[in-house]
Amino acid sequence: MNVMSQTVKTPGADIQEETPLLEIRGLVKRFSLSGDFLEQLRFKGGKLVRHQEYVHAINGVDLAIRRGEALCVVGESGCGKSTVARTVMGLLQPSAGEIRYGGSRIDNMSTRELMPFRRRMQMIFQNPYASLNPRMTIQQTLEEPIRLHHPGWDSTRVRDKVAEVMASVGIAQDWGTRYGHEFSGGQRQRIAIARALAVDPEFIVADEPISALDVSIQAQVLNLLMEAQQQHNLTYLFITHDLAVVEHFGTRVVVMYLGRICEVAPTATLFSRPRHPYTQALMSAIPRLEDDRPQHLRLKGEVPTPVNLPSGCVFHGRCPHANERCGREIPALIDTAEGSQVACHGVEEGRIG
Amino acid sequence: MALLDVNHLDVRFGMRRGELQALRDVSFSLDRGERLGIVGESGAGKSVAAFSLLNLIGKPGYIAGGTIRFDGQELTSMSDRELRHIRGHRVSMIFQDPMMTLNPVLSVGEQMVECLKAHRRISKREARAIALHKLEQVQIPSPEARLDQYPHELSGGMRQRVIIAIALLLDPDIIIADEPTTALDVTIQAEIMALLLELCEKHNVALILITHDLGVVSQVTQRMLVMYAGRVIEQGPTREIINDPQHPYTQGLMNALPQMATPGSRLNQIPGSMPSLDNLPSGCAFHPRCGFVQRDDGSHRRACEDNIPGFVTSGNCQVACHMVAEMLERDRIPAEETSR
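These protein sequence lines are chains S and B, in that order. The opening residue of the first sequence carries number 0 in numbering that gives the first Met the number 0; numbering runs sequentially from there. The opening residue of the second sequence carries number 0 in numbering that gives the first Met the number 0; numbering runs sequentially from there.
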């Protein structure tokens, strides 16, 4: 296993540049729709057959997250972006593929082996109303991860650490004795961020952390996340559907559609020149303040169900540029001159600018 | 005369702890075919404002004062029976969650026929023909087949199209849409908004669009209201407010948008959060979060803490802010002096 990561390194090169913090290879995640074994049995033509159906949430995703970047994953509901986040965190077991953290494979580790990695990677969830335990005070909520990951620390040290984290995210010390329900959405998300930061992680997965918040509060939380990144030298995997947030926050963007990656590009490149037809449609759909009339590219139909995936390119049924090849062959990610990667036959053939 | 005229509307909720004033002194008007946006954060009262127009606020809420005149009739004093002729018929609503709005045990066709038959004396066949026509108007693929499908068989975008078709069934004068696209994805949202806009224009239907998305408001509406803690704090032509917001809260909202800052820089946040209605600050409800309570020369504007600001006219907009009032006053006096 280590041989592979060593072959990547060239002598004298900056190791941090070469080994990505997190690497996903050929990730596949299916969810069974058919229940347990007995429920899968069907009578067909006089014979008893086993019938299984799956939701294909992720279908072969390769991704490398570099140290210090804020990688944003965007896409519409059902594109698999949250599943990627959860699989990376080990909350879901991948159906195939591997996940490497700092060079070591973590997707097949036992819970015990995973513990040191869990300290280094933390998660912030979408709904701050559901992610805080209603029966714990804020102090208990913030102490819990510290006590779990540093069993040797005495109470004073734990309390000092909690005080330090509270101060760093702008939580007043007297919040400690109160419960989650006493706070507003923005305040709760602040607490959730404090909880993630309490164990000094280096990598944070944030799954739509501001989607449930109001506009004026979104800015507060986004500022906090950016401050935390500078102070603690964090790497983010940021899941969102809001392209305006991506443009502001992300260093690189991954666009997903039906469990596949359409395009990976540095943020500025993606926004100045989206290449994949789906990215172009997504961009044009953002309601902007400037123009009076929406000039968006209309897509045919809607996202197909991930139960029966389309053949070839998953987007071909809605793509205005699709031809016969698109319906037959799955496009691979290819490098473009601007340093981005696009999975599209049309771009590869030069049909789409 | 305006199609809809709302004056000094007060809505209260009688709670055990005392009365909560959900809407205070809300006034606006809507012309035939006009599109009005109501913007605000959660808890600002925008949904209550829309619901109270048709007296749809449930107990313990009630309209405590003010008038709502629709096409010459006073709605606040109408009986439920009379109101029913207006609801769904002349004023229809589109709600946020398309799954909650449709009846899961009735097919799409049955729901549409039911609605038509409740308001018109027509045969089932005629009603079905109208329903089919409306489904065609909202550009649903294979509309004939949809009539016999159940809501769960349709995707989110498709359901919202059905709901728009139902809203249009009886050719209403006004459609009230409460966050119609919030539950949908961006690409679908863009299509639904474009459809709604197109249909409203084509049939000369007025639209009241409730949303928290300034982008949507700026693209769809002609005039907008900004609400904060149960009050309207700014209203006027959408373009003017978007291009040059006067109220510090509206300015704050606009500046907090990520598209307003250079990528990677700190966003201009509004400190704190909206006060709850049972604990409103004195004076202007926004003053604890407002950066303009202090004047430029460092002196303190007492009025912000003591008095609820009234509306002043700035350009074509109405703004409820002491600071703006003071600035206008200051601009006016020198102008008069020089003209003398």
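You may find that some hints are simply not true.
[To be verified] Calculated cross-link-like contacts (lysine to aspartate or glutamate; reagent style EDC-like; alpha-carbon spacing at most 20 angstroms):
(1) B:Lys58 / B:Asp9
(2) S:Lys299 / B:Glu197
(3) B:Lys123 / B:Glu152
(4) B:Lys58 / B:Asp30
(5) B:Lys116 / B:Asp79
(6) B:Lys123 / B:Glu143
(7) S:Lys160 / S:Asp173
(8) S:Lys299 / B:Glu113
(9) S:Lys299 / B:Glu152
[To be verified] Now the stretches of chain S that chain B is said to cover, found in silico as 3 or more residues with beta-carbon under 8 angstroms:
(10) 137-143
(11) 276-284
Think of the hints as simulated: they come from the structure by calculation, not from any bench. The beta-carbon is built from N, C-alpha and C at its ideal position, and this holds for glycine as well.
Here's how the hints hold up against the structure:
1. B:Lys58 / B:Asp9: Holds. Lys58 of chain B to Asp9 of chain B sits at ~15 angstroms (cutoff 20 angstroms).
2. S:Lys299 / B:Glu197: Given pair Lys299 of chain S, Glu197 of chain B holds - Cα atoms ~18 angstroms apart, limit 20 angstroms.
3. B:Lys123 / B:Glu152: 23 angstroms, violated
4. B:Lys58 / B:Asp30: Violated. Lys58 of chain B to Asp30 of chain B sits at ~30 angstroms, over the 20 angstroms cutoff.
5. B:Lys116 / B:Asp79: Cα-Cα ~19 angstroms, so holds.
6. B:Lys123 / B:Glu143: 15 angstroms, holds
7. S:Lys160 / S:Asp173: 15 angstroms, holds
8. S:Lys299 / B:Glu113: 31 angstroms, violated
9. S:Lys299 / B:Glu152: Within the cut-off at roughly 19 angstroms; holds.
10. 137-143: violated (count 0)
11. 276-284: It holds: at least three residues are needed, and the region 276-284 of chain S offers 4 whose Cβ sits within less than 8 angstroms of chain B.
Of the hints listed earlier, those the structure fails to meet are numbers 3, 4, 8, 10, in rising order.
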